[in-house]
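Novice: Those protein sequence lines, which keep their order, are chains Y and W. With our numbering as the guide, the letters of the first sequence map in order to residues 1 to 299. With our numbering as the guide, the letters of the second sequence map in order to residues 1 to 330.
Heads up, a few of these hints could be off.
To be verified - Output of the computed footprint for chain Y on chain W, the stretches with three or more beta carbons under 8 Å from beta carbons of chain Y:
{"hint": "1", "stretch": "84-96"}
{"hint": "2", "stretch": "221-232"}
{"hint": "3", "stretch": "265-273"}
Claimed, not checked - One side only, chain W facing chain Y, incomplete, derived with CB under 7 Å:
{"hint": "4", "residue": "A20"}
{"hint": "5", "residue": "A30"}
{"hint": "6", "residue": "L141"}
{"hint": "7", "residue": "V142"}
{"hint": "8", "residue": "S145"}
{"hint": "9", "residue": "I146"}
{"hint": "10", "residue": "A300"}
{"hint": "11", "residue": "A301"}
{"hint": "12", "residue": "V304"}
{"hint": "13", "residue": "V305"}
{"hint": "14", "residue": "L309"}
Calculated directly from the structure, the hints in this document are not laboratory data. All residues carry an ideal CB built from backbone N, CA and C; glycine is no exception.
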Amino acid sequence: MAGVQRNPGSNVPPRSPLAVAVRRFRANRLAVSALYVIGALYLVAILAPLLAPYDPSAIDDVLATRYQPPSWTHPFGTDEFGRDLFSRALYGARVSLSIGFLATTIAIGVGTAYGAVAGYFGGAVDDALMRLVDVIIAFPTFFLMLMLIGLFEADIVVLVLILGLTSWTGTARLIRGEILSLKARNFIEGSRAIGLPGALIVVRHLIPNALASVLVTAALMVGGMIGAEAGLSFLGIGIRPPTPSWGNMVSAGQDALLVAWWIAFFPGSLLALTILCFNLLADGLRDALDPKTLMRKYV
Amino acid sequence: MWRYLVRRILQAVPLLLGIATITFIVVHLAPGDPMDVYLEERYRREVDPQVIELLRQKYGLDQPLHVQYAEWIGNLARGDLGESFRYRRPVTALIAERIPYTLQLAVLAILVDLLLGVSLGILAAVKQYSATDKTLNLGALVVHSIPGFWLALMLVLLFSVNLGWLPTSQTRSLDYDLLGWGGRVLDRLWHLVLPVFVLGVGSAAGTARYMRNRLLEVLSEEYVLAARARGLRERAVILRHALRNALIPIVTLFGMGLPFLLGGSVLIERVFAWPGMGSLAIDAIDARDYPIILATSMIAATLVVLGNLLADVMYAVIDPRVSYDGRRPA
Numbered sequence: 001m002a003g004v005q006r007n008p009g010s011n012v013p014p015r016s017p018l019a020v021a022v023r024r025f026r027a028n029r030l031a032v033s034a035l036y037v038i039g040a041l042y043l044v045a046i047l048a049p050l051l052a053p054y055d056p057s058a059i060d061d062v063l064a065t066r067y068q069p070p071s072w073t074h075p076f077g078t079d080e081f082g083r084d085l086f087s088r089a090l091y092g093a094r095v096s097l098s099i100g101f102l103a104t105t106i107a108i109g110v111g112t113a114y115g116a117v118a119g120y121f122g123g124a125v126d127d128a129l130m131r132l133v134d135v136i137i138a139f140p141t142f143f144l145m146l147m148l149i150g151l152f153e154a155d156i157v158v159l160v161l162i163l164g165l166t167s168w169t170g171t172a173r174l175i176r177g178e179i180l181s182l183k184a185r186n187f188i189e190g191s192r193a194i195g196l197p198g199a200l201i202v203v204r205h206l207i208p209n210a211l212a213s214v215l216v217t218a219a220l221m222v223g224g225m226i227g228a229e230a231g232l233s234f235l236g237i238g239i240r241p242p243t244p245s246w247g248n249m250v251s252a253g254q255d256a257l258l259v260a261w262w263i264a265f266f267p268g269s270l271l272a273l274t275i276l277c278f279n280l281l282a283d284g285l286r287d288a289l290d291p292k293t294l295m296r297k298y299v
Numbered sequence: 001m002w003r004y005l006v007r008r009i010l011q012a013v014p015l016l017l018g019i020a021t022i023t024f025i026v027v028h029l030a031p032g033d034p035m036d037v038y039l040e041e042r043y044r045r046e047v048d049p050q051v052i053e054l055l056r057q058k059y060g061l062d063q064p065l066h067v068q069y070a071e072w073i074g075n076l077a078r079g080d081l082g083e084s085f086r087y088r089r090p091v092t093a094l095i096a097e098r099i100p101y102t103l104q105l106a107v108l109a110i111l112v113d114l115l116l117g118v119s120l121g122i123l124a125a126v127k128q129y130s131a132t133d134k135t136l137n138l139g140a141l142v143v144h145s146i147p148g149f150w151l152a153l154m155l156v157l158l159f160s161v162n163l164g165w166l167p168t169s170q171t172r173s174l175d176y177d178l179l180g181w182g183g184r185v186l187d188r189l190w191h192l193v194l195p196v197f198v199l200g201v202g203s204a205a206g207t208a209r210y211m212r213n214r215l216l217e218v219l220s221e222e223y224v225l226a227a228r229a230r231g232l233r234e235r236a237v238i239l240r241h242a243l244r245n246a247l248i249p250i251v252t253l254f255g256m257g258l259p260f261l262l263g264g265s266v267l268i269e270r271v272f273a274w275p276g277m278g279s280l281a282i283d284a285i286d287a288r289d290y291p292i293i294l295a296t297s298m299i300a301a302t303l304v305v306l307g308n309l310l311a312d313v314m315y316a317v318i319d320p321r322v323s324y325d326g327r328r329p330a
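Using the sequences provided together with the hints, build the complete structure.
Specialist: Here is the structure:
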């Protein structure tokens with residue numbers, strides 16, 4: 001119950017749930033700053049070719065340019081081949097951020113559709129669909145990704161597909177639960193009573209009402225996906241060099257840890273910062289969208 | 001209770017069979033021939049096709065897939081996990097060598113997780129909205145966000161490379177065999193500090209946040225109000241009345257956490273050159289060593305199923321309100 005703010009004076013006009021949520025979110029300074037940082041990171045990723053001072057894969061005189069510590073000319077230093085790590089980190093941002101976003105879109109899309117169908121139809125359909133979820137959930141997700149990506153020697157498209165298609169089960173369970181509880185509410189019964197077709201009820205009423213939890217899950221998941229991709233690339237089976245990704249840059253940094261700490265340090269810091277921002281965003285969204293307190297005035 | 005347990009175990013059988021089937025299909029659908037990988041690695045040159053054919057026959061790879069599947073499932077049911085293509089040894093023996101190393105990491109990490117997570121969670125909840133609470137909450141989120149493998153590298157850089165306090169990798173020192181009994185134990189522990197810390201602290205961050213929210217929920221219950229109304233000291237209210245109930249879902253985390261720690265330890269094992277299950281699985285994937293891939297997948301999945309079962313059973317043991325016999329005590 002903490003954090004509930006009742007309107008002082010009942011003559012204040014009621015605001016829509018969305019307006020309440022936006023107002024609450026904006027009051028959370030950490031979450032708002034996280035959103036700005038995420039925006040900036042995506043902007044940098046999109047503009048990487050314009051911002052990068054060097055070609056990320058250009059190799060010059062290796063012996064003269066390799067293992068240079070951070071300086072004004074090379075803010076993140078250079079790697080074992082003398083490549084500029086700042087430029088590589090910018091291009092790595094493109095890989096990491098787009099994989100995080102695309103894989104999450106797939107997972108959330110599949111999970112939402114699957115959970116909605118299971119929850120709406122219920123009964124035997126629900127039983128059959130959720131049995132498959134039980135089977136997939138019984139694998140530790142990271143292990144499943146590892147096995148699939150390792151065995152299929154995935155390129156970036158397949159990698160995104162595998163990340164997305166191994167991570168939708170949690171969302172499916174969540175949405176199914178939400179739909180099951182929403183189904184019992186009066187407004188759904190009303191929609192049925194006036195003869196709305198089932199698909200319309202799912203798309204117009206059930207999914208929007210479950211959207212709050214979907215948004216929070218999605219924000220958390222982008223961070224998780226970026227972390228998973230980094231982990232897989234660190235193991236050498238995700239994004240393979242010479243394409244830079246933050247994960248394989250850390251991996252290269254491990255080999256040179258004794259001579260050049262900066263190779264592993266900077267891409268790893270960017271990873272941690274990005275994942276932290278998505279977690280802060282998810283926290284802010286969760287507090288702002290909490291239906292228990294958001295809908296209080298309307299129920 | 002017993003009927004419930006038997007039912008759950010019986011339910012787990014078709015689930016595990018489904019998992020086994022999917023794993024088998026995935027492994028055999030994947031491109032790459034295990035014999036090619038294995039021979040190339042061993043001899044580094046072209047091998048007579050007849051030899052390859054003989055090897056394929058030896059390992060049954062020349063049989064149609066459904067025959068291979070039936071044989072594998074049959075052996076699995078008898079506890080026979082087959083023989084590794086690469087090491088030419090029974091998979092059970094290989095796993096028996098590796099599993100103690102992974103279990104050491106996992107069990108100690110869970111201990112660190114629970115001790116740190118539960119106590120910091122209590123601290124944050126008791127001082128809700130204070131500076132301590134806010135710092136702990138943010139700190140937990142930060143730690144939770146740092147990729148474990150990178151944190152491990154940075155700690156190696158600081159404590160092993162720069163300060164020289166801790167070993168950089170491996171499970172024991174080079175002079176291990178020269179040490180006495182006590183020295184050996186210390187040496188092992190010495191090598192466990194960094195990997196256990198990284199694994200444990202990573203999951204403790206999640207536990208602490210969870211514990212805080214649970215305890216706050218419980219503290220708003222009426223029986224806590226009643227305990228306060230009876231004039232009990234705050235300490236007694238928290239430790240005797242609130243904490244017991246707040247701890248119940250933590251056992252769920254414990255049951256479900258083990259397989260996740262095993263997954264996470266794949267990365268940590270790589271950083272510290274730790275000879276556990278994770279590195280066995282990764283090497284097997286690279287080499288298309290089907291029997292090992294299948295075995296490690298089955299073990300991982302079985303652990304998840306068992307972990308869930310364990311969590312539910314512990315729930316019933318600890319929480320008198322939960323009954324699995326259909327009778328609901330008032």
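Novice: Should the interface hint for W:A30 be scored as holding, given a Cβ-Cβ cut-off of 7 Å against chain Y?
Specialist: holds (4 Å)
Novice: Should the interface hint for W:V305 be scored as holding, given a Cβ-Cβ cut-off of 7 Å against chain Y?
Specialist: holds (6 Å)
Novice: At a threshold of 7 Å, is the proposed contact between W:I146 and chain Y supported by beta-carbon distances?
Specialist: This hint holds: W:I146 lies near chain Y, its Cβ roughly 4 Å from the closest one there, short of 7 Å.
Novice: So, W:S145 near chain Y? Judge it on the closest CB pair being under 7 Å.
Specialist: holds (4 Å)
Novice: Mind checking the CB of W:L309 against every CB in chain Y and telling me if the closest is under 7 Å?
Specialist: violated (11 Å)
Novice: Holds or violated: is there a CB of chain Y closer than 7 Å to the CB of W:A300?
Specialist: holds (5 Å)
Novice: Take the stretch 221-232 of chain W, compare each residue's beta carbon with every beta carbon of chain Y, and decide whether three or more fall closer than 8 Å.
Specialist: With 0 residues in contact (Cβ-Cβ under 8 Å with chain Y), the coverage given for the stretch 221-232 of chain W is violated.
Novice: Please check whether W:L141 passes as an interface residue: C-beta within 7 Å of a C-beta belonging to chain Y.
Specialist: holds (5 Å)
Novice: Once the shortest beta carbon distance from W:V304 to chain Y is found, is it less than 7 Å?
Specialist: Result: holds, 5 Å to nearest chain Y Cβ.
Novice: Interface hint check: W:A301, Cβ to nearest Cβ on chain Y, cutoff 7 Å. Holds or violated?
Specialist: Holds: closest Cβ of chain Y sits about 5 Å from W:A301, inside 7 Å.
Novice: Between the stretch 84-96 of chain W and chain Y, are there enough contacts, at least three residues with CB-CB distance under 8 Å, for the coverage claim to hold?
Specialist: violated (count 0)
Novice: Establish whether the coverage given for the stretch 265-273 of chain W by chain Y is satisfied; the threshold is a Cβ-Cβ distance below 8 Å, and no fewer than three residues must meet it.
Specialist: holds (count 4)
Checked against the numbered hints listed earlier, the structure breaks hints 1, 2, 4, 14; every other hint is satisfied.
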